[in-house]
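Peer 1: Here is how the chains run, residue by residue.
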Amino acid sequence: MTTNSKTGITVALLCAAFSVLAVAFLSDSGGARGNRPAIPLVDTNFLDTSTTRQSYADLVRANADLSDFDCYVCHDKKSPPPLRFDANLNLIVAEEHIGPAKFSADDIGSNELAGIVQRFRGHSDPVSAFLWQSLSNSQQLVLVNFKPSEQSSKQAREIVVPALNNIITNAGQSFYEPGRFKGILLGAETMLLMQQNPAGPALAHLNRLLLEDAYPLELSRNRQDDIVMGHGKHGRNNNCFNCHNETNLTLLQPRDGRDLTFADSAQLCGSCHGPTYRDWLAGAHGRISGYWDRGSSPFSEDEIRDLPKLVDRWRHQSDPVSGFVWRQLSNPEQVLLANYQPSASNPKQAQDVVLQALSKIIGEPSIYQPDRFKGILLSPEPTSLMQQSQQDANLARLNRLLLEDAFPLELTRNQRKVCVNCHNPHAPPFPSRKPAPGPHPLREIADMAESHAAEK
Amino acid sequence: MSKPPSSPASTPAPPASAVDRRSFLRTSAVLTTGLAALAASLKPLLETNDFPTMERFLQKYYKEMTPEDMAKVLKRIGDEVEKDYGLRPQVRDLKPMDGVEFVYCLNLTRCIGCRKCVHACVAENNESRDPEIQYIRVLRLPDGSLDIDKADHFYAPDSVPEKGYFYMPVQCQQCKNPPCVKVCPVHATWQEADGITVIDYDWCIGCRYCEAACPYWARRFNFTKPSIPKERLNPDMAYLGNRPRRQGVMEKCHFCIQRTRVGRYPACLEVCPAGARKFGNILDPDSEVSYILKSKRVFIQLKSEMGTSPRFFYYFDV
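Going down the list, the sequences are from chains F and U.
Here the first sequence is numbered in numbering that gives the first Met the number 0, starting from 0 and rising by one per residue.
Here the second sequence is numbered in numbering that gives the first Met the number 0, starting from 0 and rising by one per residue.
If you are wondering where the hints come from, they were derived from the structure by calculation, not from laboratory data.
Hints may contain errors.
According to the in silico footprint, chain F covers these stretches of chain U (three or more CB under 8 Å from chain F) [to be verified]:
#1 36-43
#2 184-195
Taking lysine-lysine pairs in the DSS-like style, the calculated list, with each CA pair at most 30 Å apart, reads [what the hints assert, rightly or not]:
#3 K229/U to K347/F
#4 K42/U to K71/U
#5 K359/F to K162/U
#6 K181/F to K229/U
With the C-beta cut set under 7 Å, the calculated list includes, among others, these residues of chain U facing chain F [said to hold, decoys possible]:
#7 V29
#8 K71
#9 G98
#10 C113
#11 R114
#12 D151
#13 F165
#14 G274
#15 I291
Keep in mind the model is a prediction, meaning the values are calculated, not measured.
Beta carbons: idealized from backbone N, C-alpha and C, even for Gly.
Can you build the whole structure from these sequences, using the hints too?
Peer 2: What follows is the structure, given as structure tokens:
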């Protein structure tokens with residue numbers, strides 16, 4: 000083979016190869032991307048972007064209504080409330096603490112009643128079939144002839160409410176049977192109570208919860224039932240006086256015999272959960288948000304918890320600090336805030352003015368004056384900062400903390416949350432938590448989770 | 000002088016400049032095929048609608064820019080974002096703070112694998128939604144094992160945590176000895192004084208060497224123009240942080256530079272429902288990360304045998 004023909008063959012082969020590549024490129028064959036599997040948000044129980052509870056300490060600082068915490072509205076100071084336990088040594092919770100277990104006629108609206116009657120009549124699910132069988136023939140006849148008129152509703156209600164209440168008492172037994180509740184989604188509190196094998200009022204409470212779970216659209220949930228006795232799932236810590244002082248219920252008692260107020264509840268938690276308390280003090284335990292840099296702490300828009308209330312306090316100059324802040328504003332700013340309406344579709348302008356005013360105050364020398372802060376309960380950190388010399392003290396930090404103490408319900412605190420902000424010793428923990436209200440820069444997460452839950 | 004021998008009269012030689020039919024066809028075929036192949040290989044250019052403006056093309060290297068240069072660049076970026084998204088962003092060039100070195104600690108006992116951090120990161124850092132780019136990968140590992148080969152990051156159960164598994168989120172480890180920085184041929188990525196490894200998206204040529212060098216699969220490449228819904232754009236931006244990227248450049252976790260360099264916590268930390276993520280200044284002896292490194296069982300820097308010395312620590316509560 001001559002050199003010329005070799006070159007010719009090589010060129011021809013290269014031409015063919017390039018032609019194939021050209022066709023492949025132009026037709027984009029093999030270049031199509033396969034669909035990657037989605038990486039979804041998994042657990043929708045954890046929607047909230049910040050803790051929603053206001054601690055007792057916040058309420059004390061705000062001079063807010065504390066009557067819910069006054070045990071002696073009902074109890075007698077001289078005699079501590081007696082504790083009763085069932086055969087399994089579980090605490091029998093007083094009915095007053097868990098709300099009335101039984102339904103009253105007012106609890107069931109006319110639409111809801113129609114829904115219940117329809118499910119009874121059709122006995123489409125095992126719970127409805129069970130309830131239908133518990134009725135007498137004449138009662139069944141009334142429900143079969145039910146019409147959404149006033150007279151008929153009254154008759155039906157007189158049958159349905161006692162039938163439900165019979166289930167709640169249920170001769171001292173749990174209404175739960177696996178077959179009966181197959182396919183029914185049980186609430187977190189229901190599950191928690193079932194694990195404890197309750198008796199007495201707590202059992203009645205459990206039966207009510209089971210009914211509420213079986214008829215989620217028809218029966219309203221008992222909203223007063225946010226107290227669950229028994230701290231921890233093991234059931235060994237269900238004595239009220241493990242934490243509360245039995246001679247003075249408004250005090251807490253840690254293991255070392257000190258008396259603590261509700262505002263110092265973190266120390267009580269720490270008296271048993273020592274390592275966790277130590278981590279918490281160092282900032283290594285629990286959720287945290289805001290600033291890692293304790294020195295630079297201006298307020299951001301998601302740290303204004305209640306803008307309308309804050310603006311209201313400023314413009315009415317209802318206290319010396321509000322008066323001081325109001326005087327720092329320029330005239331146009333005062334006019335803007337004076338005309339601020341909470342229902343305005345665009346609260347951004349007012350928010351910007353408020354943020355600028357707060358930032359300006361934080362950048363100033365210490366705003367503390369005894370007269371200005373008279374009557375305001377200061378938290379420990381600003382108090383200790385004020386004792387330092389002016390050179391050493393971080394004035395920006397001090398001013399921010401003073402503002403937080405002056406407006407405890409309106410501004411978010413840039414510091415570690417108190418234990419009870421995350422853990423309510425009297426309520427089932429995380430699954431019942433709700434998303435934080437209001438806008439948040441990461442609101443997309445909550446939106447995604449809501450749509451995910453709706454799809455389910 | 001003798002005459003050169005003449006050719007035989009029976010086979011007259013063609014004139015030297017003449018093109019015969021055969022060679023013309025051959026040359027034409029080669030040329031046509033070559034041009035077609037060239038045109039086909041340039042086809043991706045037709046899909047590119049983001050040619051650099053002259054201003055961006057002539058932009059100086061980040062470290063050589065004067066404050067005036069930077070002001071112009073920030074204005075240019077603001078204009079571009081406003082044109083594309085109809086929203087005027089706040090773009091800043093945030094510098095490292097003095098006496099600060101960032102460290103991230105993650106508590107493996109607490110992580111429940113809910114992936115809120117993943118999606119918060121996407122929302123905060125203007126990452127592309129389609130195709131979705133995510134800086135954080137949450138690995139699901141069977142209990143009692145740390146074999147990354149057994150990890151699954153496409154898990155999708157109804158709820159988490161699942162029995163028998165634990166979860167390990169992996170993102171840029173902000174190494175002290177970063178291989179990705181060493182391989183960059185144009186110095187478009189470097190380590191800053193506070194320990195964050197950053198990328199200048201205007202300097203990156205998209206060669207993806209850094210992606211290959213990273214042992215943690217922490218770098219992401221924009222194969223297509225990132226798509227972000229207008230109403231989801233985060234207008235709080237930083238030049239080296241979450242400003243919108245172009246097609247053909249790398250990106251990665253930068254510890255939310257637009258937040259952390261003004262003292263705030265990163266977005267992934269703030270949304271963590273379990274409090275598993277901790278962040279702070281390791282040079283501050285009172286910071287939570289100093290406490291954790293001093294008193295907790297910090298079990299790994301991931302793939303520490305690579306000699307990368309990450310600033311990201313995994314630990315257990317015991």
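Peer 1: Go through the numbered hints given earlier and state which of them the structure violates, listing their numbers in rising order.
Peer 2: 2, 4, 5, 6, 8, 9, 12, 13
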